[in-house]
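Asker: For reference, the chains in residue letters:
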Amino acid sequence: MNFPILSSLILLPSIGALFLFFTKSKSENKITAKYVALFTSLVNFFLSIYLWILFDQTTSAFQFVEDRIWIKGLINYKVGVDGISILFVILTTFITPLCIISVNNSITKRLNEFLIAILVMETFMIGVFCSLDLVVFYLFFEAGLIPMFLIIGIWGGTRRVYSAFKFFLFTLLGSVLMLVAIISIYWITGTTDVVQLYELGIDVKYQNFLWLAFFSSFAVKTPMWPVHTWLPDAHVEAPTAGSVLLAAILLKMAGYGFIRFSLGLFPSASEIFTPLIYILSVIAIIFTSLIALMQEDMKKLIAYSSVAHMGFVTLGIFTIQQQGIEGSIIQMISHGLVSAALFLCVGIVYDRMHSRLIATYGGIVTIIPKYAILFMVFTLAALGLPGTSGFVGEFLILMAAFKDNFLVAVLASLGVIIGAAYMLWLYKRVIFGKLINSELKKMIDLNKSEAFTLTCLAIPTLYFGFYPEPLINTIEVSISDLIDTYNFNVVSK
Amino acid sequence: MINIELIFPEIFISLSIMFLLILGVFKKNSSKIIHNISLLVLLITAVITFNETISINRTILFNESIVIDYLSSFMKIITLLAAFVVLLISSNYLKTFKIFIIEYPILILSSVLGMMIMISSNDLIVFYMGLELQSLALYVLATFNRDQLKSSEAGLKYFVLSALSSGLLLYGCSLIYGFTGSTNFNVISTQFNTNEYAITFGIVFILVGLAFKISAVPFHMWAPDVYEGSPTSVTLFFTMVPKIAALTVFIRFLYVPFLNLIDQWQMILVFLSIASMLFGAIAAIGQKNLKRLIAYSSISHIGYALAGLVTGSNDGIQSSVIYMTIYIIMNLGFFSCLLMMKRNNIYYEQIDDLSGLSKNHPLLSISLLIILFSLAGIPPLAGFFAKFYIFKSVIEQSMYFLAIVGLLSTVVAAFYYLRIIKIMYFDKEKDCYDKDHSLWLKLSLTFSTLLILIYFIFPSELIDVVSKINII
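Order-wise, the sequence lines are chains Y and A.
Under my numbering, think of the first position of the first sequence as 1, with each following residue one higher.
Under my numbering, think of the first position of the second sequence as 1, with each following residue one higher.
Since the hints were made in silico from the structure, they are not lab data.
The structure presented is a predicted model; accordingly, all values stated were derived computationally and were not measured.
A couple of the hints might just be wrong.
Sample of chain Y residues with no beta-carbon within 10 Å of chain A, all distances over it, derived [unchecked claim]: (1) 5; (2) 135; (3) 142; (4) 164; (5) 184; (6) 355; (7) 387; (8) 434; (9) 456; (10) 480.
In silico lysine-lysine, DSS-like type, Cα no more than 30 Å apart, as pairs [unchecked claim]: (11) Y:109 / A:342; (12) A:342 / Y:34; (13) A:468 / A:95.
Just so you know, even glycine gets a beta-carbon here, dropped at the ideal spot from N, CA and C.
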């Protein structure tokens, strides 16, 4: 295992971006640029699949670890994956090529720069999920702000400047406290290496503050109520591909961070703050679902539904049970696929009609039937119909929640019902009903690349809905080990 | 005279200044030659200083009034190189304003000489001599574009306020001399009685004078006006070079004689640091002129450098030095961009003039983008590491309050850097700027941008160099 497969995964998109950067002077090369970007990201995808095949599911230890001296005597560049992170890596490499395919019509100006931004973004996102050192993690976590800021700001909608600033400053504000915490950890324990920290443990008396500092960063990124307000703005204004990346992957960084760092490093504090997370999650689920119900803008509706779904994720993580955490990870993967697809669906009709308002549409089922079918699949997946991946995650989370706290589980289940309501109502208003707007008759059904992207997303959604075994097998050992360590640490202190 | 070879760099510069002055008097139209010779002089001096560094350990000369150690050599080299680059990239700017005359390089050389004396000083009087030498040269430099009202105003303001601060500083020196009987740092450190309040008064006065020179809040009032009014190339000089020297004196003055009094001066520095970081970040938000904005940004950056000095540890000093080094590289890049904003012999310096820069000048704007994100301290750029080292040493001393305030003010500061990026990338484009810049300007921009960008690949190198600085 000498080939540095993880570093290649991290670096490859950047190399592609560099290549694009130096070939950009020829203006007619738009198509070439796209193929270069697509090729890079596809190579990365197959590399990550190869990684999954090589991955040993029977151990919870970190695999493919690379450890190099980076800042002498201070920080090592250390990357590796275990059952928890590998799925996110694959999700990232899977979503990125689809994003690149989807930029067909929506991005008309500065395509080259856009592709560069997406590829650089991919580097940072994979880096976040692979890094096994807190400083390296922070580096990738924060660096992602730069390309995302530009994606929203340059290619976004009318209020893009406001949204881009809000996104950047909210996230940065959350994260600086995490930096303080990371440096403190270094002075308390003498290392920022996650694997060593797992073994050493952190003194209980420091844990609460450190937990809160990490929480401030993850809560903004998740986003949890009440710091979720940047998300609808960012989603609405970002171009389709940007929204897809945001919803599918960026939000998962925080969920991943909760599992990896909050549970792994600060078990005692997590135990103390679990009620806080429960309350915030339940508020997020019910409150934002109700808000989603009243939205008139399709993208905003899906953005609020993302907040609600992430509420389930945080709830599941802090049940600290096998099903709960497994459910959370599956929910995150599923939400990555489904929300990506929903944003693409919105992008497709937006490209044709230049309106995101629900009221513009109605009765388009006869005009664009293929679209209607695929949109239905994702609508149902978003509301968690059995047979879709959304169901598996929510079901596991609720099961764990019932074991832990009956009231919370009941309230969360209420959110499922509201979720079904707003998704179905959205579908009804957009697809069915009377065809009033005569402009809609000119709409063309999905073209090949759109159909291809959506089908690509639909297949795993349904497949993992019926047969989630591959996912569960991958994460099972790592999670049970994590929980054992967690319980051991909590009990012993 | 033993060890006189150790001050060869200073001697060499002084002789060169005299030679250049005479050359300038007797030879007509010699500005170009003198400009080039000055460049050479700076480079040669840097090489001599570098050679010294390899061979010597800490040495004290001339009745213990001059100290040559690793810190002084490092800071001198940085000073010389920064001055070299300033001189290198400013020629086109000076020609445009018809101030490409012999006095300019000579004044820069004399101020550099003053700074080198400051950096090496181990005695209050030597230190004051160096300080005045550099200040006098800087007053003239600030008003160098004398046909412009703003430039003269800048020079006058700088002169009046600087003279006042020098007065305070001298008063502090005399207090310290009165209560210890010596002006020598080493002697002072053995002579004073820690319970003597007069000593503390002396330290406070000297700190005020020094804080003025590095424009730390609340002694920053002159900076925005002077930075805006001076010719851009001089502003570039102001933002970097005098601060290196003043910061070195800060280190030496606080850590050699008065380390025992850390309880007394630590809180003063904490205040200076926090006030500079916050004020610099908040006041920059409303600025419209890029030079004013960079003035406030440099105030807040000085706050971070001071945060490293608060700690009272070698780690802290080293992190400050690293911070200044990286800050200088970022500043060089920023000003290279500023010097490129020229159209039909007019230099533009309002933020709005950057509007839509990315359409017409993609390379220039991507460089500026990188520099600005680095100034904001976003990873993985060099500016992040600079802040990281500072906060590492601050948190080591359990000064969480300082660290949190500092990091929160980076968020505020990020806002105005983002605003520039927004104007560059999100707004409508204006006319093209000239593209025929001098090779040196392009090189300095390319190098500074690349250094900032790839710093994260080799972060150990700079630390290795700086970690040899041991004051305590």
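Asker: Would you mind marking each hint as holding or not holding in the structure?
Answerer: Hint check:
1. 5: holds, 20 Å
2. 135: violated, 8 Å
3. 142: The claim is violated: residue 142 of chain Y sits with its nearest Cβ about 5 Å from chain A, within 10 Å.
4. 164: Non-interface label on residue 164 of chain Y violated, nearest chain A Cβ at 7 Å vs cutoff 10 Å.
5. 184: The claim is violated: residue 184 of chain Y sits with its nearest Cβ about 6 Å from chain A, within 10 Å.
6. 355: holds, 23 Å
7. 387: holds, 43 Å
8. 434: holds, 40 Å
9. 456: holds, 32 Å
10. 480: Holds, because the least Cβ-Cβ distance between residue 480 of chain Y and chain A comes to about 34 Å, which exceeds 10 Å.
11. Y:109 / A:342: holds, 27 Å
12. A:342 / Y:34: It is violated: about 35 Å lies between the C-alpha atoms, which goes past 30 Å.
13. A:468 / A:95: Roughly 42 Å between the alpha carbons, so the hint for residue 468 of chain A and residue 95 of chain A is violated.
In the structure shown, a violation is registered for the earlier hints numbered 2, 3, 4, 5, 12 and 13, in ascending order.
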